[in-house]
Structure formats: C-alpha cells, structure tokens
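K.L.:
With the hints as extra help, turn the sequences into a complete structure.
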Amino acid sequence: TGIGMEALVKRFEEAHDDYNAILAKALADRLAEALAERMHERVRREFWGYAPGENLTNEELIAEKYRGIRPAPGYPACPDHTEKPILFDLLNATEATGIRLTESYAMHPAASVCGYYFAHPESRYFGVGRIGRDQVADYARRKGMEISVMERWLASIIDYL
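Numbered as in the working numbering, the sequence shown ends at 1038 without a single skipped number.
Some hints here could point you the wrong way.
Stated by the list, open to error - Okay, derived cross-link-like pairs now, PhoX-like style, lysine-lysine, Cα gap no bigger than 25 Å in a straight line:
#1 Lys-961 x Lys-1020
#2 Lys-902 x Lys-942
#3 Lys-902 x Lys-887
What the hints assert, rightly or not - Restraint ranges, calculated between C-beta atoms of paired labels, are given here:
#4 Ser-1025 x Glu-999: 32 to 40 Å
#5 Pro-929 x Asp-1036: 41 to 49 Å
#6 Glu-923 x Ile-880: 39 to 47 Å
Just so you know, these hints were derived from the structure itself, not from any lab.
Where is the CB? At the ideal position from N, CA and C, for every residue including glycine.
P.N.:
Put into structure tokens, the structure is as follows:
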C-alpha cells in the first residue's frame, strides 16, 4: 500500500500542499494496517481454516475476540528488530512485495507491515518484560551476535543500561 506513495507525497510537497501530503501518508498507513487485518482474517477463516465460521463484529475485532495473534518485530511481544531480515529472507519478501529493510531494519516504504501468525487458542498478546545481562548474553550467543550489538537492539527492555 505504500509502494508509489513517495512520488505522490513529493508532488503534494512540491506544490506546498502539506495537508494532502499528510493525508496521503496517513491513508497509506491505514491501508497497510487494514490489509494486515484482512489477511489475518483470511488466515483464520480460509488459508489455515481454524475459524471457518468466524463472523465477528467490528467491536469484537477491535477487542481481539478472535483466536490467534499476529505480533510483529519491534512491538512489545517481539521487541527484537533483528528478526526482520530472517523473516524477509524466509519469505523472499523484498522480491515478492517490493518492500525492503533499511540498515536499521525499518521497512521501506514506511506504510508496510510484517509479522507472525499464531493460531493456538491460548495465544495472547503480551509485552516482553525487562531483561538482565545474563538473558542478553544468552540471546546474543544463540543468535550468533555480539552482546554489544544485542544491547543496542534490545535497549528498550534491558534493565541494566
């Protein structure tokens, strides 16, 4: 949904039309989130088919009354952005979608989403709590990364920095 948006926004900005530039960016963001919601619904009802008869109201969808979750790297349940390149490589995402990762693992275009689907009936959203030095060291070892690199990426949840 963000593919091609930069050119449109640039035209608005060159015309000093800040209102429509902001509106276009916001619309692209909303469309990306709507697509993520729709794909999650199709996974539940069609592709994986674990909720084929699901017929939720908008209020029930907002309250996340469906089975399963779709957490995303960089959010409280999966704060590690370094998982994005693994996901992108596994899915051949750049070639399939045109979305690419920057060196800081932000997605480009910005109006893009990625994440995981979990179908287990007891899966719930949660935030990863504060972690200690031993946990960072263990995680860095398992990922094959330097501790200092992991500390940079996990700084928001580290309890000793």
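K.L.:
Against each hint, give a clear statement of whether it holds in the structure.
P.N.:
Against the structure, the hints:
The hinted pair formed by Lys-961 and Lys-1020 meets the criterion: a straight-line CA distance of about 13 Å does not exceed 25 Å. With a C-alpha separation of about 29 Å, the suggested pair Lys-902 and Lys-942 falls outside the 25 Å cut-off, and the hint is violated. For the proposed pair Lys-902 and Lys-887, the alpha carbon gap of about 11 Å is at most 25 Å, so the pair holds. The hinted range of 32 to 40 Å is satisfied by Ser-1025 and Glu-999, whose Cβ atoms lie roughly 36 Å apart.
Remark: the range hint 41 to 49 Å for Pro-929 to Asp-1036 is upheld by a beta-carbon distance near 44 Å. Range check, Glu-923 to Ile-880: about 25 Å between beta-carbon atoms, so the 39 to 47 Å window is missed.
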